[in-house]
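Can you make the complete structure from the sequences, with help from the hints?
These protein sequences, in sequence, are chains A and B.
Take the first sequence: its position 34, counted from the start at 1, is 34 in this note's numbering, and no numbers get skipped.
Take the second sequence: its position 27, counted from the start at 1, is 27 in this note's numbering, and no numbers get skipped.
Think of the hints as simulated: they come from the structure by calculation, not from any bench.
One or more of the hints may lead you astray.
[Said to hold, decoys possible] Stretches of chain A that chain B covers, calculated by requiring three or more beta carbons in the stretch to come under 8 Å of a beta carbon on chain B:
id : stretch
1  : 94–108
2  : 280–288
[What the hints assert, rightly or not] Calculated Cβ distances over 10 Å to all of chain B for the following chain A residues:
id : residue
3  : Glu-64
4  : Gly-156
5  : Tyr-191
6  : Gln-193
7  : Gln-198
8  : Glu-203
Beta carbons are placed, not taken as given, at the ideal position from N, Cα and C, and that holds for glycine.
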Amino acid sequence: MTGDPNLPNRTSSTGQGGPGPGPLGPDETFQDVSGPAELRYVYAVTRPFEGVLPEEGGRGLDGEPPRLLHHEGLVAVVSPVPAADFDEAPLKAHLEDLDWLAGTARTHQAVVTALTAVTTPLPLRLATLCRDDDGVRRLLEDGRARFVRALERLDGRVEWGVKVYAEAAPKKAAAPVAPPSPDKPGAGRSYLQQRLAQKRSRETESRNADALCRTLHTELSQKAEAAQLHRLQDGRISGRTGQNVLNAAYLVPRADSEAFVEQVQALSPEEGGGVTVELTGPWAPYSFTGIGDEEGTA
Amino acid sequence: MTHYTDDHDIDALAQREIALVDLLDRLLGGGVVLSGDLTLRIADVDLVRIDLNALISSVSENVPSPFEDLN
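Encoded structure:
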């Protein structure tokens with residue numbers, strides 16, 4: 001989970017500053033021209049909590065357990081990170097590198113997951129950075145009212161992800177219909193009938209998937225405190241066959257999770273029906289961090 | 001059909017490898033958006049090389065930052 005080999009572990013800043021001023025003179029150092037060599041990466045905001053982060057998964061981007069920066073009743077969970085990787089220009093470049101992005105995202109997620117063992121964290125968006133500890137304190141101060149409201153609203157809640165896939169046509173229907181041969185009477189008509197049957201079959205599957213999505217989303221929204229629809233995932237990137245027709249997140253009290261998961265299972269169709277339901281979680285409430293800002297709009 | 005009906009099963013579900021695409025939905029499409037000293041606007045990043053636009057729900061206009069008006 002940690003120590004991702006994809007993560008660059010540079011401690012020096014060479015080669016990271018874009019077009020440099022040419023070779024450095026003997027007395028010049030990078031720090032002299034570029035401000036702090038380290039920035040602060042903020043993973044999450046929490047209330048003060050008892051207990052320690054689990055060792056497993058509790059390591060941050062620098063390979064060490066994240067620091068807890070207390071400020072006026074709130075806690076920012078931070079790691080020092082090299083400016084050479086996380087300052088604006090190098091960060092932009094890194095984010096185009098899928099391996100780097102994946103490594104950073106998984107570490108961020110690991111820290112947030114470790115936090116869920118001891119408290120309900122308010123996760124921040126990937127790559128929230130401050131110059132120094134004072135910057136982190138300002139961040140806590142500026143967002144204080146919203147942090148407090150969101151933490152209160154999300155306390156003891158988790159997020160479940162539910163996706164629905166309409167699978168490609170079943171194998172039997174996928175076989176191409178042989179084109180009509182001109183010397184067989186009635187062959188053309190038979191061909192058209194087969195084509196029509198295939199089309200109807202696809203339409204039926206599509207209708208089934210639509211109906212299931214509506215039912216699932218309606219029922220699960222009633223069970224959940226809030227729901228959020230994510231953009232549908234592109235199969236070329238998720239690597240999944242089948243078309244993603246629902247990508248939703250539901251906010252559920254941790255204590256009700258078992259019942260929620262059972263409900264998802266109960267509403268899932270039997271295998272082989274051309275529609276698949278996939279459940280992920282429990283997640284920290286990433287999709288609901290804006291909750292309380294817009295009451296009742298979930 | 002599998003039933004995840006006890007804590008052990010739910011734990012097993014939680015331990016399963018998380019698909020990157022699901023993770024990025026949340027880390028780039030969710031999470032509190034606010035202005036640190038350095039706020040990278042993910043939407044500004046040129047993600048064309050790996051076609052991340054299709055991967056990430058957030059890069060679009062549909063996730064307004066609730067914190068922007070603070071700054």
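For each hint, the structure was consulted:
{"no.": "1", "hint": "94–108", "result": "holds (count 8)"}
{"no.": "2", "hint": "280–288", "result": "holds (count 7)"}
{"no.": "3", "hint": "Glu-64", "result": "holds (20 Å)"}
{"no.": "4", "hint": "Gly-156", "result": "holds (15 Å)"}
{"no.": "5", "hint": "Tyr-191", "result": "holds (37 Å)"}
{"no.": "6", "hint": "Gln-193", "result": "holds (36 Å)"}
{"no.": "7", "hint": "Gln-198", "result": "holds (28 Å)"}
{"no.": "8", "hint": "Glu-203", "result": "holds (26 Å)"}
This entry satisfies every hint, going by the numbered hints stated previously.
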